[in-house]
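Colleague: These are the residues of each chain, in order.
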Amino acid sequence: MTLQIDPEGVEIKTLRAATDWRGKRVLEIGCGDGRLARRLVRLGARVIAIDPDAEEVRQAMATRPRTYHEKLNVALAEGERLPFKTTSFDIVVFGWSL
Amino acid sequence: MVHALEQAWRVLRTNGELVDIHPAITHTQVGYCRARSFVFVGSSGFPLIHYRDASRALRYVRAAGLFQQRTSKTFECMTYAPLGELAYWLTNSSEPGAAEQSERLVKRATQAMKADPQGNRVGARERIIVRVLQKADIGSRRR
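Chains as they are written, first to last, in the working numbering: chain A, 1 to 98; chain B, 1 to 143.
These are computed hints drawn from the structure, not numbers from a lab.
It cannot be assumed that every hint is accurate.
[What the hints assert, rightly or not] Calculated pairs, DSBU-like style, for lysine-lysine (alpha carbon to alpha carbon, straight line, at most 30 Å):
#, chain 1, residue 1, chain 2, residue 2
1, A, K85, A, K24
2, A, K24, A, K71
3, B, K114, A, K71
4, A, K24, B, K73
5, A, K71, A, K13
6, A, K13, B, K73
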């Protein structure tokens, strides 16, 4: 894959300025290949990323750096039926997925 | 969309935040880079109309008292790829039937770049909006 999305890193700077991600428990809904979820980990968040597409989930898991294993988990799930307890996240992210 | 936002509200802690990221313009712009600037060649012909629905859904849950807007920021997001891959990405990002139009547009941008001695790479530009909404108190005006 040679697609380069935002190589200048403007997105991560904007997200850093938008809110404090450090130590926050974050749910990303519709994570696709996990590109944004990995950036959120770089901002200091602990991320659970979900997607309804099994192939995207597989790819997101496969491209997860070893050092992110404790900070980033990816699961197969839909935004309309979240398999999580009430009041369990600090931040919920829809990245191009709403 | 509204149901997904209601689910997000449910799993968020008190004062938790909802962050929504989506294009602020309806057409992706295609062009090429010259030094640090972007030379616009054309817009994708197919509007990203589903993001209008996303904005409507956000307005709905705010009006319902589930969330309060805290802040919003915009930024320009560039995407680069070889010709075929960029055309595929553009097509993937818009409506069915856009493949040929996307390919023509990327070819035009590639030709324009080659004709410009300072042109270096073809890319797509989107203006992206990041909205941060805060979960409203339980006792606020829920429907």
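Colleague: State the violated hints by number, sorted upward, taking the hints as numbered earlier in the document.
Modeller: When the structure is compared with the hints, only number 3 turns out to be violated.
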